[in-house]
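*Asks:* These are the residues of each chain, in order.
2 protein chains.
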Amino acid sequence: MREYNVAILGATGAVGTRMIQQLEQSTIPTKSVKLLASSRSAGKKLKFKGKELTVEETTPDSFNGIDLVLASAGGSVSAKYLPEAVKRGAVCVDNTSHFRMDPEVPLVVPEINADRVEEHRGILSDPNCSTIQMVMALGPIYRKFGLKQVICSTYQAVSGAGQSALNELMEESQQVLNGEPVHPKILPTKGDKKHYQMAFNLLPQIDVFHDDGYTHEEWKMIHETKKILLNDMNAKDIKVTATCVRVPIRIAHGETVYFEVEDKSATADQIRDLLEKAPGVVVQDDPAHQIYPQSILAEGKRDTFVGRIRPDLENKGAFNMWVVSDNLLKGAAWNAVQIAEELVKRDLVRVPDNPYIPENK
Amino acid sequence: MREYNVAILGATGAVGTRMIQQLEQSTIPTKSVKLLASSRSAGKKLKFKGKELTVEETTPDSFNGIDLVLASAGGSVSAKYLPEAVKRGAVCVDNTSHFRMDPEVPLVVPEINADRVEEHRGILSDPNCSTIQMVMALGPIYRKFGLKQVICSTYQAVSGAGQSALNELMEESQQVLNGEPVHPKILPTKGDKKHYQMAFNLLPQIDVFHDDGYTHEEWKMIHETKKILLNDMNAKDIKVTATCVRVPIRIAHGETVYFEVEDKSATADQIRDLLEKAPGVVVQDDPAHQIYPQSILAEGKRDTFVGRIRPDLENKGAFNMWVVSDNLLKGAAWNAVQIAEELVKRDLVRVPDNPYIPENK
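Protein chains in written order, with numbering that gives the first Met the number 0: chain A, 0 to 360; chain B, 0 to 360.
Calculated directly from the structure, the hints in this document are not laboratory data.
Take the hints with a grain of salt, since some may be wrong.
Identical chains share a label here; the pair holds if one copy fits it or two copies do between them.
Cross-link-like lysine-lysine pairs, in silico, DSS-like; alpha carbons within 30 Å at most [as the list claims (entries may be wrong)]:
1. Lys315 / Lys147
2. Lys147 / Lys263
3. Lys225 / Lys315
4. Lys276 / Lys193
5. Lys238 / Lys225
Small disclaimer: the values here were computed from a predicted structure and weren't measured.
Put together the whole structure using the sequences plus the hints.
*Replies:* Here it is, written out as structure tokens:
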């Protein structure tokens, strides 16, 4: 049995630490594990299967001898280092948004479009957290009943903006409880100019704004969903729109998903049955007993939880549902490790003869 | 100038205390103000315009000599006492849901359907908080462009479940920050069997469930919107659906509102202009400068704040927007006092010859 030399790029972050943990619990046979980060984090000690590993500073040569890279250190870091890794023969599963829309890069949610891994030329992308959990619920519905339109509103956990944002929420929460002033420095998004209080507040901005008034997070949900379900980021077959809102919770995004199917004979019971059988999906939908997905129940779980499935009472063929999943696991680390498992299973942890080595612009 | 003897029923609650404050700041000339509550709160002292008033226990005879009642002590209290008040010649503005769907009771948002107050026979209803702020934004759009469909997702503040729920959120938040266990007793809704942690969590249940899978809160949003905009709680002219979610914030609900207008030539700029001119609405919509409605900015304000107005990029004539308002003010106390101001202005603070005295079933 082949064993793999694995590198985790961005190993000390909220997603990186979970990549270590998910890799530990995966079916992937590891020969060695290398933890990479910026110079700031180099020297830190982290454990893999009980063995202490020292975090190293990333350089192009860090990838010599590596078979598989799991990357989650930010878009510019992936842009810089993944071409170097591919050049050195490593297959990369990238959790950043940098390569997601590149037509040469498969965008994969294994339960939904695993076969796309066959097309890889060195880099594969892990979709955005909010896209993954929506597509986990919509994929089986699309296949069985078709989809005309999707309207999503997100309730996104602060950990999606990284460990420092999570620390900021906790600090601010204590300050508000103490009646003290808060000093926002990170949220809604590090990359923008103004920062606002997150504790006990709602911020309808995730990532930066495009000129059309949508945020980049909303843009991702629209185009990634099309790329995953229709294999074309601009496909018109399914209309998708979204409003993304950051809410003061720590882990596990919530989403209301309104969707209209092609097959108007579809019923909520049929959709519930379908999702109950769908791999990676757990239906929690028993209103009479107050059973529905909650963030604190989804935290630490690999599954996507779906509930509140019910028809629009006035629009036949349209339905509402509520979807919750751990944004750091299925929304990031676990989906990335799952893609790697899929590559291992299909013996595809090898850079092909025509590697894709994007220029770092 | 006529002066009024006013009674506030449920004066010690989260809404009741704000009714006192909004009445103080209103144009209503008061001769006397009587504060009523349950026996538990009787004896408490509260101030009105600097004068200390003692809260009295409510009895039918509490309403002798009263001209105007503002009620927010719960549905069963309104059911019991408002008929007694009307019998004694008092006009009642009820903030509970008890009489809202009664065809004999006008359901009023003054900026939208003020004329309905003319039809009152003793009782008028204040709509649900989440309905009011949605209708404040949709009313002007409906009049100008028509409306085909509305899909709303709410992000509702905990104060909507009362002062004790708000206390529970604050206690639980501190417990979570301390790493201690929480002991939920109230949320998601006092009237249901199970109680869940609200701090750092999302609960997709507000009020109890109907057999069709919708919560009573969602039912209210659907039918109250129709009654306010179309004067018929079951009208089919506008399709409305909603998913209501409680989020761990204190005051000022958020709502994503997706709507499709009749007039497909409508643009986001036209809708923005329209809302900028709408009374009681403040447009905060400048993404380039990260200007959008936030709960902590809306707290303590009477206005409804609207932002993130943008077209659905794939569905002409459909738009997304984000609406925030203080659920205790415009969503409750202020809208109730505003209805009373409207009655005063039209000299309608008198029970007509054919009073409506509903039986307390």
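*Asks:* Would you mind marking each hint as holding or not holding in the structure?
*Replies:* Against the structure, the hints come out as follows:
With identical chains, the CA atoms of Lys315 and Lys147 are at most 30 Å apart both within one copy (12 Å) and between copies (15 Å). Taking CA atoms no more than 30 Å apart as the test, Lys147 paired with Lys263 passes in both settings, with 11 Å inside one copy and 19 Å between copies. In this homomeric assembly, Lys225 and Lys315 come within 30 Å of each other (Cα to Cα) both inside a single copy, at 24 Å, and across copies, at 19 Å. Taking the closest pair of Cα atoms, Lys276 and Lys193 come within 30 Å of each other only across two copies (28 Å); inside a single copy the shortest separation is 45 Å, beyond that limit.
With identical chains, the CA atoms of Lys238 and Lys225 are at most 30 Å apart both within one copy (9 Å) and between copies (27 Å).
In this structure, none of the earlier numbered hints is contradicted; all agree with it.
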